[in-house]
Amino acid sequence: MSAIKAAHLYKVFGKRPESGVRRLRDGATRADLQQQGMTAAVIDATFEVDPGEIFVVMGLSGSGKSTLIRMVNGLLPLTDGEIYIHDKPLSGLGKAGLRQVRRDNVSMVFQHFALLPHRTVGENAAYALKIKGLNRADREKKAGEALEMVGLGGWGGYKPSELSGGMQQRVGLARALAAGTDIMLMDEAFSALDPLIRRGMQDQLIELQQKLEKTVLFITHDLNEAMRLGDRIAMMRDGRIEQIGTAEEILNDPASNYVSRFVADVDRTRVLTAGSIAEPPYEVLGSEQGPLMAQKILREHQPSWLLVVGRGRKPVGMVWEDDVARAVREGRKDLPFSKVHEMPVVHRDTPINELFEHSAKHLAPLVVTDDDGRVEGVIPRVTLLTAATPVVEQETDEDLEGAHA
Amino acid sequence: MIDFPPRIPVGSWVAEIIDWINTNLGFVLDFIKDTGTSINDAVTSLLLAPPPLLMIALFAALAWLVRSWQLAVGVIVSFLLIMSMGQWTQSMQTLALVLIATLTAVVISVPLGIWAARSSTVSAVVKPVLDLMQTMPAMVYLIPAITFFSIGAVPGLFSTIIFAMPPAVRLTELGIRGVDRETVEAGHSFGATDWMILRGTQLPLAIPTIMAGINQVIMLALSMAVIAGMVGSDGLGKEVVGALATINIARGAEAGLSIVFLAIFLDRFTAALGTPDKFRSSLLGRWKSAREKKARDNQEGVATAA
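Chains as they are written, first to last, in the UniProt record's numbering: chain G, 1 to 405; chain U, 1 to 306.
Don't read these hints as lab results, they were simulated from the structure.
Think of the CB as a built atom: it goes at the ideal place given N, C-alpha and C, for glycine as much as any other residue.
Errors might be hidden in some of the hints.
[Unchecked claim] Not the full set, but computed from the structure, chain G residues with beta-carbon under 8 Å of chain U:
| no. | residue |
| --- | --- |
| 1 | N73 |
| 2 | T79 |
| 3 | Q100 |
| 4 | R103 |
| 5 | H112 |
| 6 | A114 |
| 7 | L116 |
| 8 | T120 |
| 9 | Y127 |
| 10 | I131 |
| 11 | L134 |
| 12 | Y158 |
| 13 | P160 |
| 14 | A179 |
Put together the whole structure using the sequences plus the hints.
If you want it as structure tokens, here you go:
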């Protein structure tokens with residue numbers, strides 16, 4: 001079951017949109033339609049968003065992404081194709097049915113916040129609930145909770161104009177959260193904010209999404225934002241979806257020239273995660289084994305350290321060559337662990353750019369764990385440095401010119 | 001010999017239409033005339049019932065309530081001058097005419113403006129009609145007005161309403177169309193009905209523009225006072241017309257000044273009604289600020305408790 005499903009969506013603006021769709025199906029291009037005074041905003045878009053997923057639609061202005069998101073909640077009627085919300089088609093719902101879907105299932109966050117300036121922050125957060133007809137006490141309670149969630153507890157009595165841009169957008173977010181829908185549409189929601197504040201909002205969204213497990217359809221023109229937020233990303237160009245995939249898939253295996261040119265100057269360290277560059281840790285020991293066993297493995301493989309894992313492949317600690325040798329000499333039975341802080345452990349989803357800090361503090365390689373805290377691999381410092389530089393085939397002339405400029 | 005262009009009797013057609021209305025819809029016209037007259041009489045006697053000094057105090061209080069104490073002082077001084085010039089009764093008669101005309105014009109034009117904002121067809125039809133209403137010399141309206149209602153307050157009201165209405169329609173449409181598109185979209189996206197969006201988003205956000213329109217209506221209605229005086233509406237207009245007929249400079253100046261004082265008061269007063277946030281030092285503004293501060297403190301109290 002998918003939360004949102006779009007099947008062969010078309011949106012053509014102009015006098016005879018249906019004929020435009022027919023011509024597009026027959027192979028006409030966007031420019032062909034333009035000549036007849038029609039604008040093909042969205043062409044044959046098909047995608048599915050799973051429940052609890054952040055799905056990002058990324059495209060430049062004019063790529064049709066804003067039109068696309070407005071078709072999902074019926075703000076713009078489709079020319080052709082179908083939208084399914086929880087497997088129920090939107091078409092044929094009628095005005096009242098559509099309103100019901102918007103009240104119960106799909107809320108929205110806007111680029112310029114779209115708050116009511118004459119209402120307080122609290123009343124804005126409660127807007128959707130007022131529309132649903134909740135009584136005042138329930139409205140205030142739920143809106144208060146939503147404001148608390150976005151870190152605006154206590155601001156309910158202020159007017160939006162008294163808040164900074166970032167805070168206003170958090171009100172917009174609280175309004176959508178308070179609505180209690182499981183799907184949230186976010187239309188360039190952070191694009192009007194300063195870069196620093198935008199970063200904070202992205203973190204907050206990820207955090208909230210993990211806690212509340214909302215399905216999020218996020219529109220942006222900022223590739224770095226797309227890569228940071230998106231579980232999966234749809235790359236849109238001239239009304240068509242060029243590629244759908246995870247950030248890593250799009251970076252490492254671009255489906256078209258357009259996409260590869262687009263991602264060429266992405267900061268890879270923000271996108272690639274610890275999990276994607278980790279190497280298998282072949283030098284592991286069960287924690288019940290003693291120094292002699294450690295010495296044997298060290299002698300066979302010649303590393304300077306060993307990772308020790310316990311039950312359920314949980315990292316227990318690290319032993320160094322010198323310590324093992326001393327323990328054997330002294331005839332000790334237990335492993336001479338190094339102190340815990342000398343074994344940096346990171347989650348597999350940590351972006352690479354956050355790893356350098358750990359790596360600088362420790363001599364030992366980074367230990368990468370999965371959601372359950374099991375060892376997934378290790379990242380020696382050399383591997384980390386290699387990962388930060390683009391893969392060889394992407395070093396085209398363009399890049400070199402860029403480097404000189 | 002062929003005349004070109006031939007004489008098209010537009011004027012006679014209009015006259016015939018007016019005649020037809022007069023003979024066939026006489027009962028409607030009578031009803032309008034009777035209602036108009038009694039409303040006008042009622043409002044006028046209401047304004048004249050209290051002693052003038054009490055009324056001046058009341059106007060000053062209203063001025064302070066929505067704008068500033070400065071306007072209140074201005075009102076006291078200028079209205080006392082009206083009293084001492086012996087124009088008080090006429091001024092209240094004119095005020096009654098302006099109030100009734102404005103109210104009627106607003107009741108008709110705001111809904112019409114909303115309709116025009118929602119439908120481009122309506123807008124396209126309404127626009128040239130408004131142009132006609134505004135550019136046709138106001139005295140032309142007086143002719144059918146007199147045939148419909150003979151002389152008195154009602155023909156004055158009738159032509160004043162027609163002449164003064166257009167800006168309210170235009171500015172209402174402009175105000176509603178000017179509401180931020182995304183904010184209206186937000187209403188739709190949370191499942192609000194058209195009515196909810198109109199009430200909760202479009203009208204409140206269009207209020208400053210609509211009030212600017214109403215302000216214009218009032219000013220135009222005042223400017224019609226003299227013309228209304230020509231058809232026998234009581235008030236300052238009648239004074240001016242009388243002064244003109246007898247070349248009485250003194251009388252004309254006093255009546256004219258009174259119109260000016262009335263106009264300044266009404267203009268400043270209604271402008272403040274439209275943009276209350278600009279006048280935070282008014283009594284109403286202070287009361288609002290205090291209430292908002294209290295709401296804020298309450299909310300912060302809740303947050304600290306939690």
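Notebook entry, point to check: Is the shortest C-beta separation between T120 of chain G and chain U less than 8 Å?
Noted result: The hint holds - T120 of chain G has a Cβ within 8 Å of chain U, the shortest such distance being about 7 Å.
Check: Holds or violated: is the Cβ of A179 of chain G closer than 8 Å to a Cβ in chain U?
Finding: 6 Å, holds
Checklist line | Satisfaction of the Y127 of chain G interface hint, Cβ to chain U closer than 8 Å | finding: 6 Å, holds
Check: Holds or violated: is there a CB of chain U closer than 8 Å to the CB of I131 of chain G?
Finding: 5 Å, holds
Check: Measuring from the C-beta of P160 of chain G to each C-beta in chain U, is the shortest one below 8 Å?
Finding: 11 Å, violated
Check: For the hint on A114 of chain G, does the least C-beta distance to chain U fall short of 8 Å?
Finding: 4 Å, holds
Next item on the list: Identify whether the interface hint at H112 of chain G stands, where standing means a beta carbon of chain U within less than 8 Å of its own.
Entry: Holds. Min distance 5 Å.
Notebook entry, point to check: Can L116 of chain G be said to touch chain U, with a Cβ gap under 8 Å?
Noted result: 6 Å, holds
Check: Does the CB of L134 of chain G sit less than 8 Å away from some CB of chain U?
Finding: 13 Å, violated
Next item on the list: Using Cβ atoms only, decide whether N73 of chain G comes closer than 8 Å to chain U, and label the hint accordingly.
Entry: 6 Å, holds
Checklist line | Satisfaction of the Y158 of chain G interface hint, Cβ to chain U closer than 8 Å | finding: Hint holds; Y158 of chain G Cβ to chain U Cβ min 6 Å, cut 8 Å.
Notebook entry, point to check: Should the interface hint for T79 of chain G be scored as holding, given a Cβ-Cβ cut-off of 8 Å against chain U?
Noted result: 19 Å, violated
Checked against the numbered hints above, the structure violates hints 2, 11 and 13; every other hint is satisfied.
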